[in-house]
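**Student:** Assemble the whole structure, with the sequences as input and the hints as a guide.
Sequence order for the protein chains is A and B. Heads up: the first sequence at position 20 corresponds to 1033 in the working numbering, and the numbers run straight through without jumps. Heads up: the second sequence at position 402 corresponds to 1210 in the working numbering, and the numbers run straight through without jumps.
Check the hints yourself; a few may be wrong.
Straight-line alpha carbon distances no greater than 25 angstroms define the calculated SDA-like cross-link-like pairs of lysine to any residue that follow [stated by the list, open to error]:
no. : chain 1 : residue 1 : chain 2 : residue 2
1   : A       : Lys-1100  : B       : Ser-870
2   : A       : Lys-1100  : B       : Glu-995
3   : B       : Lys-1367  : B       : Gly-1427
4   : B       : Lys-1186  : B       : Ile-1368
5   : A       : Lys-1100  : B       : Tyr-1230
6   : A       : Lys-1100  : A       : Arg-1071
7   : A       : Lys-1100  : B       : Arg-1118
8   : A       : Lys-1100  : B       : Gly-1427
9   : A       : Lys-1100  : B       : Phe-1229
10  : A       : Lys-1100  : B       : Ile-1425
11  : A       : Lys-1100  : B       : Arg-990
12  : A       : Lys-1100  : B       : Ala-986
If you anchor each label on the Cβ, the simulated ranges turn out as follows [to be verified]:
no. : chain 1 : residue 1 : chain 2 : residue 2 : range
13  : A       : Glu-1052  : B       : Ala-1057  : 33 to 41 angstroms
14  : A       : Arg-1103  : B       : Met-1033  : 37 to 45 angstroms
15  : B       : Leu-1024  : A       : Gly-1039  : 16 to 24 angstroms
Because the hints were derived from the structure by calculation, they are not lab data. The C-beta atom is built at its ideal place from N, Cα and C for all residues, glycine as well.
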Amino acid sequence: MPPYLRIGSEAVKTPPETTLDQLPVGESAAVAGVEASAEMAQRLEDLGFVPGTRVTVRRRAPLGDPRVYELRGSQLCLRDSEARAVKVARG
Amino acid sequence: MVRLGLVGSPNSGKTTLFNALTGLRARVGNYPGVTVERREGDAKIDGHALRVIDLPGTYSLSPLSPDEAVVSRVVNGEIPGVSPPDGLVVTVDACTIERSLALVAQALALGLPACVVVTMVDELHARGGELNLARLSSALGVPVVGVVGHRGVGLGELRRLLPHPEAWSRPPVPPPLAREDRRAWVESVLSAALVRRAGRSAVTEAIDRVVLHPLLGSLLFALVMVFFFQLIFAWATPAMDAIDAAIAALSSGARGVLPAGIVADFVADGVIAGVGSVIVFLPQILLLFTLLYFLEDVGYMARAAFVVDRLMGRIGLEGRAFVALLSSYACAVPGIMATRTIPSATQRLVTMLVAPLMTCSARLPVYALLIGAFVPAKQVLGPLGLQGLTLLGLYLLGALGAFAAAAILGRTLVKADAMPFYLELPPYRMPPAKLVLSQVWGAASRFLRRAGTIILAVSILLWVLLNFPRSEAPAGLDEARASAWAIEHSAGGRIGHALEPVLEPLGFDWKIGIGLVASLAAREVIVATLAQIYAATGDDDSSLREALANDRDPETGEKIYTPATVAALLVFFVFALQCMSTIATLARETNSWRWPAFAFLYLLLLAYGASFAAHRIVGALSA
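**Tutor:** Here it is in structure tokens:
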């Protein structure tokens, strides 16, 4: 069942927000914002995690963490602890 | 002279451009007060003298690490004695221009004349992308040159541009600094200049399907690491043996020429042996760094760090620390130098501080002597012998010590920087051999000039300690006994005697004390020193083993080398930092004496404590 069909309410088409570490491998989403300490938020933005940017989860390491993300023409890997700071909107 | 600062993110082709402009004539030093390397090179273009300053790779001019801080301090003219450059050359990888424009915005906002060099334009085209450089230039308001650094494309145009930064066009309004505004600026530049973004690189995708495959990638990682280990542990050995042999020949040659006496001893055993103890590291350093820089430039090292990051994360380190620790199994000197690939200063320091705990090959002669002499060669657990198990136990003890120390130091002593963990996985690229070799030569020449001088000085100092003051040995002693007598009455011998009260709880006598003093030069030296003290003769260890096994306390008549003492001595060597080369390398790599002093002391305390515990436990078990 698609996530926007909720029982007892009308279908709302706003895509659900989640954090980057929750996104399954192979899926992509748009960056909605970064919630972290000022330095980390700034560095994630320097690396391209700017609102509106599309991010695709490409792979995970053999032990599950870290994972490789594709955005703005580059492949970056982040640990889940850092990816958690990136809010993304699916769809 | 026109001074130009080279700014760019890692993997943006900055070093290739630097080499292309300066022709490999880099002067390497350190910025005052920090560990960051300072690289400058001169170029002569149409009669204009240019100095190119290769600044550390950075994703941002708002610094999070010491390396990045240097970039912003240099370009802002905040480093005393280093005037700000006359112009900035910003390198941008054409394939990642969408991300790189944020750095360009920050660089242009500084107000210095600037130009942008777009690298890897050939790769962009191969991946179906298209970038309009003329429109990029008018959108940015500064000159833009597209180059393919290793093929020399675009370099002519760049060379005509570089000598005249005062004539470069400037943006009418500098790019905005506020985050929101900067995003809008980046988007507007992109919409003007980026006609089509690059697709995925087919080659990189195909290789990554294997290299980053959970199973195949792990296997490949293991294979590459075994190769690393083999390279410095086994394949460097013939070259090192050849150097040892050449030094020995040179040493005896000097004795043949010089009249016998103090001068001959000094030249042969002090100077020539000291120089030998420096250059004997070269085979390992050259081999390790050739492989390391090649794999780094090809793009594999980032992937290896990705594969192993989770394991290293458990002890508070990151994936890139793995190679450094693995190399330290051969020798901590190349291991510590290999930490340069770690961007976080904290992570790098912790890795350097624990690297000496990995069981290096210099410990093996000591372990072999003691295990051979005192651990019975009986079989336990099927094919496994007690001697082999003891050796394995010593390796494990060192590794466990390193992991524990990393976890503790990372949390307590070393102040964490705010650098989050991230790794860029660059597309695979075949680096020009010149690029790899110039980096390898840089590492080797730095070692020779900086650490080498300290190692030479200390080895001469230790030679003096063990040979002075000279006193006449009593008549009637044979040569071996006269030599034993001389070392006992040297300054080093007196230090050994003076240390006896401190070493007594570990079961060590003054002879071991002298051995420990001498082993500060290098761990394996204790074997030769003990042989000299016991007046052992013969080429193999057998007579020394016998002498050790039969040595008794002259007063009590008890054996010196009880099981407890042997265990304590082995454990001491697992932990103690008895290696001037490691200390010198630490001093040079951290650009201070504080961290090598700290490493020496914490490892000494650890060694003493663990050795004391081992003495007690084995003493109780064998009583």
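**Student:** Determine for every hint whether it applies to the structure shown.
**Tutor:** To see whether the hints hold, each was checked on the structure:
no. : hint                                          : in the structure
1   : Lys-1100(A) x Ser-870(B)                      : holds (23 angstroms)
2   : Lys-1100(A) x Glu-995(B)                      : holds (21 angstroms)
3   : Lys-1367(B) x Gly-1427(B)                     : holds (13 angstroms)
4   : Lys-1186(B) x Ile-1368(B)                     : holds (23 angstroms)
5   : Lys-1100(A) x Tyr-1230(B)                     : holds (17 angstroms)
6   : Lys-1100(A) x Arg-1071(A)                     : holds (17 angstroms)
7   : Lys-1100(A) x Arg-1118(B)                     : holds (23 angstroms)
8   : Lys-1100(A) x Gly-1427(B)                     : violated (60 angstroms)
9   : Lys-1100(A) x Phe-1229(B)                     : holds (18 angstroms)
10  : Lys-1100(A) x Ile-1425(B)                     : violated (55 angstroms)
11  : Lys-1100(A) x Arg-990(B)                      : holds (20 angstroms)
12  : Lys-1100(A) x Ala-986(B)                      : holds (21 angstroms)
13  : Glu-1052(A) x Ala-1057(B): 33 to 41 angstroms : violated (57 angstroms)
14  : Arg-1103(A) x Met-1033(B): 37 to 45 angstroms : holds (38 angstroms)
15  : Leu-1024(B) x Gly-1039(A): 16 to 24 angstroms : holds (19 angstroms)
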